[in-house]
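Trainee: Produce the complete structure using the sequences and hints provided.
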Amino acid sequence: MPELPEVEVTRRSVAGGLQGARVQAVEMGLPLRWPLGCPLDDLVGRVAGAMARRGKYLWLPLVVPGVAEGEDPPGLLMHLGMSGALSFAPQAPAPGPWDHFRLHTDQGCLWLTDPRRFGAVVYSAGRQVAPAATLLARLGPEPFDPALTPARFHAALQQRRTPVKQALLSGELVVGAGNIYACEALFLAGIDPRTPCAQIGPQRAARLLARVQDVLAQAITAGGSTLKDFHDANGAAGHYQESARVYGREGEPCSVCGTPIRRLVQAQRSTYHCPKCQRR
DNA sequence: AATGGCGCCTGAACGC
DNA sequence: TGCGTTCAGGCGCCAT
Numbered sequence: 016m017p018e019l020p021e022v023e024v025t026r027r028s029v030a031g032g033l034q035g036a037r038v039q040a041v042e043m044g045l046p047l048r049w050p051l052g053c054p055l056d057d058l059v060g061r062v063a064g065a066m067a068r069r070g071k072y073l074w075l076p077l078v079v080p081g082v083a084e085g086e087d088p089p090g091l092l093m094h095l096g097m098s099g100a101l102s103f104a105p106q107a108p109a110p111g112p113w114d115h116f117r118l119h120t121d122q123g124c125l126w127l128t129d130p131r132r133f134g135a136v137v138y139s140a141g142r143q144v145a146p147a148a149t150l151l152a153r154l155g156p157e158p159f160d161p162a163l164t165p166a167r168f169h170a171a172l173q174q175r176r177t178p179v180k181q182a183l184l185s186g187e188l189v190v191g192a193g194n195i196y197a198c199e200a201l202f203l204a205g206i207d208p209r210t211p212c213a214q215i216g217p218q219r220a221a222r223l224l225a226r227v228q229d230v231l232a233q234a235i236t237a238g239g240s241t242l243k244d245f246h247d248a249n250g251a252a253g254h255y256q257e258s259a260r261v262y263g264r265e266g267e268p269c270s271v272c273g274t275p276i277r278r279l280v281q282a283q284r285s286t287y288h289c290p291k292c293q294r295r
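Numbered by the working numbering, the letters in the first sequence go through residues 16 to 295 in order.
No lab work stands behind these hints: they were computed from the structure.
Relax, there's no trap hidden among the hints.
Below 16 Å or equal to it, Euclidean Cα-Cα: the simulated EDC-like pairs (lysine to aspartate or glutamate) are: (1) LYS291 to GLU265; (2) LYS291 to GLU267; (3) LYS243 to GLU257; (4) LYS291 to ASP207.
Have a look at the derived ranges for each label pair, beta carbon to beta carbon: (5) ASP160 to LEU279: 29 to 37 Å; (6) PRO80 to VAL144: 14 to 22 Å; (7) VAL271 to GLN173: 23 to 31 Å; (8) ASP56 to PHE133: 20 to 28 Å; (9) ALA166 to LYS291: 23 to 31 Å; (10) ALA213 to PRO54: 47 to 55 Å; (11) CYS272 to MET43: 50 to 58 Å; (12) PRO275 to PRO108: 43 to 51 Å.
Where is the CB? At the ideal position from N, CA and C, for every residue including glycine.
Mentor: The following block contains the structure:
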């Protein structure tokens, strides 16, 4: 479920309450995507730093008090998968059937609820060493990184031979847009999702990048999209799905031209688009 | 090197 | 009511 906006909303809603908290106990339920990678007790006594985000991953530094960790402290790399959500509360509630990770601290409890268990919580001795570094290494640039210029985005598009929708989903050109926001950005940019990347000129590339940035920024402001499971760390749902123009709207009239929105399948994922507003 | 497909899981919605 | 099928926000890994 969660794409970059949901992960960022999660980060912001968790960060304040958890920073500086000392770990008192750790619980794991059913297996997640990967094993934690360290004994649960190894985390007890550590102190949480500021939660960070890279793509759709979250990084929670957990330092050992009194030990100089230098520039790259150890921590937990977390991912929400398709159905995950993090919560934080001063008082830990009774664990639900899908709560597969709980971190008890002296400031409250952080827990991951994830029915499908595609999510992950993995210990890494640093963000810049394996396994965290290995998982983060494949990620493309952040959407709001000033180094990601329209010219560079266009140049990256020229290298690829896939349809543009799949390139956006791959996260190699720019991270953060999943199925909802890739569809929305392509609609707002007026680009047919089947267009081969290399066929997109510099102006349209610049427009697409701008719309990706707009959609992600607006979704963050709206608290993300809640289709089913997602909520922030305090339990609040997102609202961006209400302003989605094409995603999940097959058969409904396009908000611009009235043409029925169509659904097609690309790389085994649904793509929603307006056949009139979006051109190759 | 790049690309397409698979599989990991559960739950909800749908058709018969 | 019940059962089988399809689909769902992601992504690492494998074979080609």
